[in-house]
Amino acid sequence: MAGSSVPIEQAAPIVGVLALQGDFREHIALLKSLGADARAIRRPEELAQVAGLVIPGGESSVMDKLSRMFGLAGPLKSAIRSGLPVYGTCAGLIMLADRVLDAIAGQESLGGLDISVRRNAFGSQRDSFETDLAIPSLGALPMHAVFIRAPVVEQVGEGVVALATLADGRVVAVEQGNLLGTSFHPEMTGDTRFHEHFLHVVRSRG
Amino acid sequence: MNDTTSSSSSTENLGSSRVKRGLAEMLKGGVIMDVVTAAQARIAEDAGAVAVMALERVPADIRSQGGVARMSDPDLIESIMAEVSIPVMAKARIGHFVEAQILQSLKVDYIDESEVLSPADYVNHIDKWPFTIPFVCGATNLGEALRRINEGAAMIRSKGEAGTGDVSEATKHIRTITSEIRALAAKGHDELYVAAKELQAPYELVLEIARTGKLPVVLFTAGGVATPADAAMMMQLGADGVFVGSGVFKSGNPEARAAAIVKATTFFDDPSAIADASRGLGEAMVGINVSDLPAPHRLAERGW
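Just so you know, the sequences run in chain order A and B.
Heads up: the first sequence runs through residues 1 to 206, numbered per our numbering.
Heads up: the second sequence runs through residues 1001 to 1304, numbered per our numbering.
No lab work stands behind these hints: they were computed from the structure.
All values reported here derive from a predicted model rather than from experimental measurement.
Careful: at least some of the hints might be erroneous.
[To be verified] Partial chain B-side listing against chain A, Cβ under 10 angstroms, derived:
1. E1025
2. G1029
3. G1048
4. T1266
Idealized CB from N, CA, C, for every residue including glycine.
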């Protein structure tokens, strides 16, 4: 407003959520509640506008297929290489992994995180579970985490920080540069700390 | 997700309501395909199916062959589970809790308590809360959907008329459910008691729908989807995803049709993408017009 002495607030960052399949609406709602301009992304021209990207939970083999079929895989890979902040949950973590174990024949990932991830590492849906996780980098309070036919990180390269592990030591949250990945679904439980941290990465790059 | 209902609260961390409903959340925007062999399951996974439904006969064959339709042979279900890494669902008869116990022991990912099979109990559906594996159930209207959710269903599919390739009943049922949800959301608080009575549904669930404007579980659609355009129409009508039964493997070119329906489900609001997906698919399943079906042969009327 003319004459206003209030400092201009930083514009809400445009954050895309890959919307080929999965629980992308939950991520969009959570990001909006944190003040981001969150948008569904299905096309290369939509991807070009974002300052950060979330890859949601869903079926990784389907996301892989659709992203290649519709010419999104190439632009996604180059955006990741050029430093776009990306946060992947569950299937999104698989998409960000350099190496995928127990993939379906011909399945590819976008890569970026120097990790090996195993799909469906806990078994069938009968073995899906909820638990409380300590995540020291996000504060003292544990995070309630939901694992649904979830992957785990089996091997971590240099430069990758393990943010959370299960009681048996298996790694379920990682960060490397501008890339963040969790085996579980903070978008389902309403704990906003991972998304807040991700938006901080997006803003500090912007 | 909303808080889970009190009936599911438990200190167990396996099979919680959130975990059961959560898998359906992950299937959203996807296509679940009926398959009767491991080879078909492979085609479905390669085409981008988000899950498969393992069964012995697709609904079109159940309809033409007649007789009592039951849970599939465990060997068949296991051969399909061994073939693919996407979730595998399997059907139990309405009210047949032992078939459901068997499917849980086989570690299928989802149980469909389905009107496509012959009902085993004409009064009670399965009490789904004690199971750690989630259930999907069919519904033709909101009251039926809420009764199933009250019994523990973690996912609802509108029924349509399975095995026909005629999408008109699927349209009717998804429209009925979504319009009854809108009607509830528009009611005053003091009108919800009678609304619950008329829907024959628990008041607490009716209150929740009125407040949130949506079901507390994922809503797919099923029964008669045979083309990419059918799938996209269901999505535009408010479905979270699509079941395709006989439509894929009773068509001329299952590989191409399966992939095309997957594409059209993702790009459901983009007519040019749906047009591209619709090209050169060969023959669709022949189909039966629902209006030609005598009432006793309508599967959607099973379940209550």
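Legend entry - Which numbered hints fail: No numbers; nothing is violated.
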